[in-house]
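Novice: Each chain, written out:
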Amino acid sequence: AQSVTQLDSQVPVFEEAPVELRCNYSSSVSVYLFWYVQYPNQGLQLLLKYLSGSTLVKGINGFEAEFNKSQTSFHLRKPSVHISDTAEYFCAVSDRRNTGKLIFGQGTTLQVKP
Amino acid sequence: DVKVTQSSRYLVKRTGEKVFLECVQDMDHENMFWYRQDPGLGLRLIYFSYDVKMKEKGDIPEGYSVSREKKERFSLILESASTNQTSMYLCASSFPTTGELFFGEGSRLTVL
Chain A
1 AQSVTQLDSQ
11 VPVFEEAPVE
21 LRCNYSSSVS
31 VYLFWYVQYP
41 NQGLQLLLKY
51 LSGSTLVKGI
61 NGFEAEFNKS
71 QTSFHLRKPS
81 VHISDTAEYF
91 CAVSDRRNTG
101 KLIFGQGTTL
111 QVKP
Chain B
1 DVKVTQSSRY
11 LVKRTGEKVF
21 LECVQDMDHE
31 NMFWYRQDPG
41 LGLRLIYFSY
51 DVKMKEKGDI
61 PEGYSVSREK
71 KERFSLILES
81 ASTNQTSMYL
91 CASSFPTTGE
101 LFFGEGSRLT
111 VL
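First to last, the protein sequences are chains A and B. Going by our numbering, 57 is the number at position 57 of the first sequence; the sequence numbering is gapless. Going by our numbering, 77 is the number at position 77 of the second sequence; the sequence numbering is gapless.
Don't take every hint at face value.
Claimed, not checked - With a straight-line cut-off of 27 Å between C-alpha atoms, the simulated DSS-like cross-links for lysine-lysine are:
| no. | chain 1 | residue 1 | chain 2 | residue 2 |
| --- | --- | --- | --- | --- |
| 1 | B | Lys71 | B | Lys3 |
| 2 | B | Lys71 | B | Lys53 |
| 3 | B | Lys3 | B | Lys57 |
| 4 | B | Lys3 | B | Lys53 |
| 5 | B | Lys71 | B | Lys18 |
| 6 | A | Lys49 | B | Lys57 |
| 7 | B | Lys18 | A | Lys49 |
| 8 | A | Lys58 | B | Lys70 |
| 9 | A | Lys113 | A | Lys69 |
| 10 | A | Lys58 | B | Lys3 |
| 11 | A | Lys69 | A | Lys49 |
| 12 | B | Lys70 | B | Lys55 |
Everything labelled a hint here was simulated from the structure, so no lab data went into it.
Make the full structure from the sequences, and use the hints.
Specialist: Here you go:
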């Protein structure tokens, strides 16, 4: 069975500062990894995904994440945040043998302050 | 663009009522999913379907059932709604090989 832990429930940060949202996973098999963002009153949309290849993955809106197999982590980073990045962020993992099903973390609320 | 449409954004029902939540996708995806979202718990999988008339239980299927009579439509049914089913319900679809889910905007259900 797989599980995902997002280590921070809330991350407050000032505008233009860098941010890191942490995600750890556990799995006995190889996985695919995802970050989704949810803006207020909307569904989730994909920020980025790691399927294979380079461990540094770039996504939309200037976000990137690094897959670290030895530490079973997939932390999300952005060098300079904007007010519009205020949202809830979800890390998710999928079993490579059954890529249809995603297991989600608890979510991290990013609060960008002016 | 992929579009996943959920029939109702907001619903208010009474305890014991039967509730239908409808979801339609327009990208010919094989897989469809129903998740429940609660603060501090993230998204939890209720049921999913990988083909017409096929369904599998997710992590929290109790109190729910589903129907998939057509490829593009996946319905979530609460046979007898209870107050602990007050939540945000999210439908999603995907091709089985990519793992990327496309979500609807959600249906917020309140059970009084």
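Novice: Under the criterion that the straight-line Cα-Cα distance not exceed 27 Å, is the pair Lys70(B), Lys55(B) satisfied?
Specialist: holds, 13 Å
Novice: For Lys71(B) and Lys3(B), compute the direct alpha-carbon distance and say whether it is at most 27 Å.
Specialist: Within the cut-off at roughly 14 Å; holds.
Novice: Given the hint that Lys71(B) pairs with Lys18(B), test it: the Cα-Cα distance must not exceed 27 Å.
Specialist: The hint holds at about 24 Å.
Novice: Check the hint pairing Lys71(B) with Lys53(B) against an upper bound of 27 Å on the C-alpha distance.
Specialist: holds, 9 Å
Novice: Is the Cα-Cα distance between Lys49(A) and Lys57(B) 27 Å or less?
Specialist: Holds - the C-alpha atoms of Lys57(B) and Lys49(A) are around 25 Å apart, at most 27 Å.
Novice: Quickly compare the C-alpha distance for Lys3(B) and Lys53(B) to 27 Å and report which way the hint goes.
Specialist: holds, 22 Å
Novice: Take a quick look at whether Lys3(B) and Lys57(B) sit within 27 Å of each other, Cα to Cα.
Specialist: holds, 24 Å
Novice: Next pair to validate is Lys58(A) with Lys70(B); report whether the Cα-Cα distance is within 27 Å.
Specialist: violated, 36 Å
Novice: Need the status of pair Lys18(B), Lys49(A): alpha-carbon distance at most 27 Å?
Specialist: violated, 38 Å
Novice: Please work out if Lys69(A) and Lys49(A) have their alpha carbons no farther apart than 27 Å.
Specialist: Given that 27 Å is the threshold and the Cα spacing comes to 15 Å, the pair holds.
Novice: Could you grab the alpha-carbon distance between Lys113(A) and Lys69(A) and see if it respects the 27 Å cut-off?
Specialist: Roughly 33 Å separates the two Cα atoms, so the pair is violated.
Novice: Tell me if the straight-line CA distance from Lys58(A) to Lys3(B) falls inside 27 Å.
Specialist: Satisfied, since the Cα-Cα distance of roughly 24 Å is no more than 27 Å.
Checked against the numbered hints above, the structure violates hints 7, 8 and 9; every other hint is satisfied.
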